[in-house]
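Taken in sequence, the protein lines are chains A, B and C. Residue 87 is where the first sequence starts when you use the working numbering, and the numbers rise one by one after that. Residue 87 is where the second sequence starts when you use the working numbering, and the numbers rise one by one after that. Residue 87 is where the third sequence starts when you use the working numbering, and the numbers rise one by one after that.
Quick caveat, the hints were computed from the structure, so don't treat them as lab data. Please note that a few of the clues may not be correct.
Simulated pairs of lysine-lysine, DSSO-like, Cα-Cα distance not exceeding 27 Å [claimed, not checked]:
id, chain 1, residue 1, chain 2, residue 2
1, C, 292, C, 276
2, C, 215, B, 276
3, B, 292, B, 276
4, A, 276, A, 292
5, B, 276, A, 276
6, A, 128, A, 215
7, A, 128, C, 276
8, C, 128, C, 215
9, B, 215, B, 292
What follows is a set of in silico ranges between Cβ atoms, one per label pair, in the way DEER data are often shown [what the hints assert, rightly or not]:
id, chain 1, residue 1, chain 2, residue 2, range
10, A, 136, C, 92, 17 to 27 Å
11, A, 437, C, 292, 55 to 65 Å
12, C, 284, A, 437, 20 to 30 Å
13, A, 285, B, 214, 41 to 51 Å
14, A, 380, C, 368, 17 to 27 Å
15, A, 129, B, 144, 50 to 60 Å
16, B, 206, A, 311, 50 to 60 Å
17, A, 206, C, 315, 50 to 60 Å
18, C, 284, A, 462, 29 to 39 Å
19, A, 380, B, 206, 29 to 39 Å
Glycine included, each C-beta is placed from N, C-alpha and C at the ideal position.
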Amino acid sequence: MLSEARNRLLTEVGPGTRMGALLRRYWHPVAAIAELADAPTKPVRLLGENLVLYKDLSANYGLLERRCPHRSADLSYGIVEQCGLRCSYHGWMFDQFGACREQPFEDIDAPEIRFRDQIHIRAYRVEPKSGLLWAYLGPEPAPLLPNWEPFTWDNGFVQVVFSTVPCNWFQCQENSIDPVHFEWLHDNWKQRLAGNHAAYAPRHTKLAFDEFDYGIVYRRVREDSDEASPLWTAGRVCLWPNALFTGNHFEWRVPIDDTSTLSVGWFYTRVPQDREPFVQNRIPYWTSPIVDENTGRWITSHIMNQDFVGWVGQGAITDRGREHLGHSDRGVIMMRQRFFRDLEVLEAGGEPNAVIRDPEVNRCVTLPIIGRRRLTEGVTRAELEATKGFGGGDIPRPGFPYLYGQPDDVRRAYDEAMGFETAK
Amino acid sequence: MLSEARNRLLTEVGPGTRMGALLRRYWHPVAAIAELADAPTKPVRLLGENLVLYKDLSANYGLLERRCPHRSADLSYGIVEQCGLRCSYHGWMFDQFGACREQPFEDIDAPEIRFRDQIHIRAYRVEPKSGLLWAYLGPEPAPLLPNWEPFTWDNGFVQVVFSTVPCNWFQCQENSIDPVHFEWLHDNWKQRLAGNHAAYAPRHTKLAFDEFDYGIVYRRVREDSDEASPLWTAGRVCLWPNALFTGNHFEWRVPIDDTSTLSVGWFYTRVPQDREPFVQNRIPYWTSPIVDENTGRWITSHIMNQDFVGWVGQGAITDRGREHLGHSDRGVIMMRQRFFRDLEVLEAGGEPNAVIRDPEVNRCVTLPIIGRRRLTEGVTRAELEATKGFGGGDIPRPGFPYLYGQPDDVRRAYDEAMGFETAK
Amino acid sequence: MLSEARNRLLTEVGPGTRMGALLRRYWHPVAAIAELADAPTKPVRLLGENLVLYKDLSANYGLLERRCPHRSADLSYGIVEQCGLRCSYHGWMFDQFGACREQPFEDIDAPEIRFRDQIHIRAYRVEPKSGLLWAYLGPEPAPLLPNWEPFTWDNGFVQVVFSTVPCNWFQCQENSIDPVHFEWLHDNWKQRLAGNHAAYAPRHTKLAFDEFDYGIVYRRVREDSDEASPLWTAGRVCLWPNALFTGNHFEWRVPIDDTSTLSVGWFYTRVPQDREPFVQNRIPYWTSPIVDENTGRWITSHIMNQDFVGWVGQGAITDRGREHLGHSDRGVIMMRQRFFRDLEVLEAGGEPNAVIRDPEVNRCVTLPIIGRRRLTEGVTRAELEATKGFGGGDIPRPGFPYLYGQPDDVRRAYDEAMGFETAK
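Here chain A stands alone, though its shape is the one from the complex:
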């Protein structure tokens, strides 16, 4: 149970807030690389700031404040140039560093004034990696953009999925360190939603939470497993500061502002060995709706949609003054304490948790992974066909279980990569 002040500390992300300052020390995914290839500008709202992301004709990426400093026109309707982004209202042009490079009429009418030299707008770093565009909004020197181990894998089909979730990021991230919710939200509820009234799934009997360099590992024993299971020995990862990592996929909970979160899913599926070598020329992206337009209720059919129901049900910014935490929530408590400590570290001039600055380390940042062999070496067709159900999350399957609304073209590309016959 947190006081209102402590709750604000965890949840406020805008400029000038303490958590906002902390989160600005990390890189955040904000778009797909393919997205900017499809349309060269994208309005982005990140950590309470209205920005425009663009890719110019020289393939430079820029992330600028969205309003032109001339007369506040919306630069997301701007024109991308050989080098920079131009406001479509009166033609002022900016480069990716925020310098004003042209003011067409002023440049003709009064070039000697060099009015443009007085104009500078907020500009942030952008880097592409593994199908995503990443933004850094903090002070220099910027840390390295983490090269997580799965980003180094090949022979995989990757897809990126966005959802806009109308609640605060922190309650989403609390779900990254919450083993018990799998038993209920994904196992038992899913069965009941499907009209299946069979016995409930094996219960959790033991939990553990351990900090490591890049977050917290959580481990569990269930009635059907013991401490020899990889669920205990390897565990899963609450990745710092705002992601879940499960081995074959990442889920970032990127704060749009205090009351909305961009869910960014990155899903890797290793192709079966008989489909190698597989090279993916373009990492597809899509947006998953979260509301059932017919009923106005949240969609519940897919795994992450079930998570979203959990998150948004807690309210726009959940009131942690009314919660009643138990033993199941020890990870949540540990995570909050780590954040509270890190806020102090930052304000004392220290480096916050899990920031990577060593290029050697960043050649490949390894993470705990259940079933690494299958992900890095693949499975034979026979192994694949011998695995039933969804249980083996790292085994390729027809159908996308994580989010509602996968477009047909992505499904077909996936099935083609895996050697599945596409269902009609």
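Put chains B and C on the given structure of chain A with help from the hints.
Same frame as chain A, but now just chains B and C:
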């Protein structure tokens, strides 16, 4: 003309308000019985409280606060159990009295603590009657759920219709004691809307308003009738505290919160004598939209839709400081005064108006009814065919005149019950 | 760069505001004449006031406050009578001067009281002209409704187009005195939107702004023209207080309230000489959507839609404390200063700018017009066919370039008037 403070007194319904306390002394219809058979949970907002209504596998009804006390997940996405409602996030389970009956991980990990014994959530009484589920949010002992006379009738086709009306409940209820609006809103305007420029309907020439045990009866004489007419001798009923009763139907104006109202219509149509005996196995329910999606304007084609136009046109919470009441509004004034008195009665520890506690009385609470014979005995096919137009509101007719959007299956069931040939 | 207080002075339009008082000294177009022929009442929100516009059965126009003084019902759902508008709730009737003419039940029940004589509602002047209905909300004596020169022309096809733009009127009107935006927003951006990466349009090299009786003329020289061009000699007109006039069309930016503006376009196209005489029996009107429903982004395909992108991009009420004005914005600065001066003139009891009271002047108020000959005399079919592209804005063309969404029936009527073969 009311002061702002007096207006707030009539219109505020949330917890802690005076009118909210008064309205909590009555039962309110919040859903159809068939609705919970179709889906076992329903989010309900009532008197400013967010609740979840459910029916468990033992057919117990419960009405609980909507947020789980564990970590605030939305219980309307919960799992109904043999006895109670379970949160789908981490499995905490509650019974209809608000007791926490299970906390799966805590029960395994630390059963000796019995953490669940410390957890209790708000829970309210629910009772089914006549196709509706009724809620009581007040203190114990709860009064009886009124057994209004029409609830005792048989050989009738009943349907329940919901509409969400974006304004305060009190201006809706003022329309329950407003005889003159029939002349204009339903007679004359309806003609003009249909492009009919014939002479206007007979005018009201005399009104009377009389309190009785369960509300206020209003009586009228029109140019085409006299004091021998049942419009004068029987009259119609402004039913306490928030309904209209016209003989063959009820309309409750159930406060969702200060600025929205759930209109609940309960419509009884006696089958013609040649269709008896008629037994209705399931009372159907449907939701009537109130906005024309093509124009963004209110729907005006049906009787209660015309009422809705009157209500919402007055604003979200009408400003009674700008009104100019006349002789036509004597009933409105009488009703307000009764509410103001009742607020004082309640605060002095008394029993408010029209609360029923005597089981003998509640075996059948009779009400003034125009045309009771037809409703209780039915009409012959010949009588039915001899009655033209809609004038005889208690005479079964093809077509549903009250609300826009009756679904085809309800229309077909009605026509079948009445022995009408269903229009294509 | 304006202070917040100065910005409020320009942008606040409601009753009791200084700019609101100034704008109430002018006539504003609020509907099409044909619109009231199609439906006799229309809810209007103008300068922050909720009103109802109607046309009664005697063809009187009225503009009344929208809420009935009886019990606040919405008069836009009222009944038009032989002389006045009647509330559909209880039948009170008002004439176009705001007098209450009937209170049906009071008139029968207590005629001696003459309660209606105590009731008066706000009523404003309405006048029809050139396809539009105009409202005047200021003090008497009202000035003349300007008879702008194009309103006196014949042999033209006129159409009226409405759009609701969710931002303050003043930033829309700043666009009326902004020559440079044509180069970018309409020439260069339009090319890029069409995927055309050809060289940019000729640049502006010189601007001039001159006040005249009815606003400010702006003149320009571009790289492809000189001071002999009509763009310099005649110029275009920022028409006082809230319009753009370009010769063949007007665009009024009518303040709905502080954060929304009704764009009213009036487009005149002279028919070619071989189609004369042309008489238009009914000036058609239509509403142009501004949001692409598929993407949620602003529509960008048409000229005024591009302007709308400029306006709304500046925010609901643009913050003029963050702007950086240059030489391109001298007209904007001049316009603001004129408004600031006029606010003082008004408060000193003077007559504000561009108010017309002399009937002789108002027989035909001439304005600077580029290409007046073509507009007043027409072109031959051969001239028409010799003119390529859209450049000659005063030359009739198939296709409506100004706003998205012209209905087929308007397009067909236009093509028929011009002698164009209608595209399928």
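A quick look at each hint next to the structure:
Using a Cα cut-off of 27 Å, the hinted pair residue 292(C) and residue 276(C) holds, with the two alpha carbons roughly 23 Å apart. Among the hinted pairs, residue 215(C) with residue 276(B) is inconsistent with the structure: their alpha-carbon atoms are about 33 Å apart, more than 27 Å. For the proposed pair residue 292(B) and residue 276(B), the alpha carbon gap of about 23 Å is at most 27 Å, so the pair holds. Between the alpha carbons of residue 276(A) and residue 292(A) the distance comes to roughly 23 Å, so the proposed pair stays at or under 27 Å and holds.
Simply put, residue 276(B) and residue 276(A) have alpha-carbon atoms about 50 Å apart, too far for the 27 Å limit, and the pair is violated. Pair hint residue 128(A) plus residue 215(A) holds up; C-alpha atoms about 18 Å apart against a cutoff of 27 Å. For the suggested pair residue 128(A) and residue 276(C), the alpha carbons sit about 18 Å apart, so the restraint of at most 27 Å is met. This hinted pair checks out: residue 128(C) and residue 215(C) have alpha carbons roughly 18 Å apart, not beyond 27 Å.
Between residue 215(B) and residue 292(B) the CA atoms are separated by roughly 37 Å; this puts the pair beyond 27 Å, and the hint is violated. For residue 136(A) and residue 92(C), the hinted distance range of 17 to 27 Å is satisfied, since their beta carbons lie about 24 Å from each other. For residue 437(A) and residue 292(C), the Cβ-Cβ distance of about 56 Å falls inside the hinted range of 55 to 65 Å, so the restraint holds. Taking 20 to 30 Å as the suggested C-beta distance range, the pair residue 284(C) and residue 437(A) does not conform, at roughly 51 Å.
Between residue 285(A) and residue 214(B), the C-beta spacing of about 31 Å breaks the proposed range 41 to 51 Å. Separated by about 41 Å at the C-beta atoms, residue 380(A) and residue 368(C) break the suggested range of 17 to 27 Å. As the Cβ distance of residue 129(A) to residue 144(B) is approximately 52 Å, the hint placing it in 50 to 60 Å holds. Against the hinted window of 50 to 60 Å, the Cβ-Cβ separation of residue 206(B) and residue 311(A) comes to about 34 Å, which falls outside the hint.
A C-beta distance of roughly 37 Å is found between residue 206(A) and residue 315(C), which places it outside the suggested range of 50 to 60 Å. One distance hint, 29 to 39 Å for the beta-carbon pair residue 284(C) and residue 462(A), is violated here, with the actual separation near 50 Å. Between residue 380(A) and residue 206(B) the Cβ separation comes to about 36 Å, which falls inside the hinted range of 29 to 39 Å.
When held up to the earlier numbered hints, the structure conflicts with 2, 5, 9, 12, 13, 14, 16, 17 and 18 and fits the remainder.
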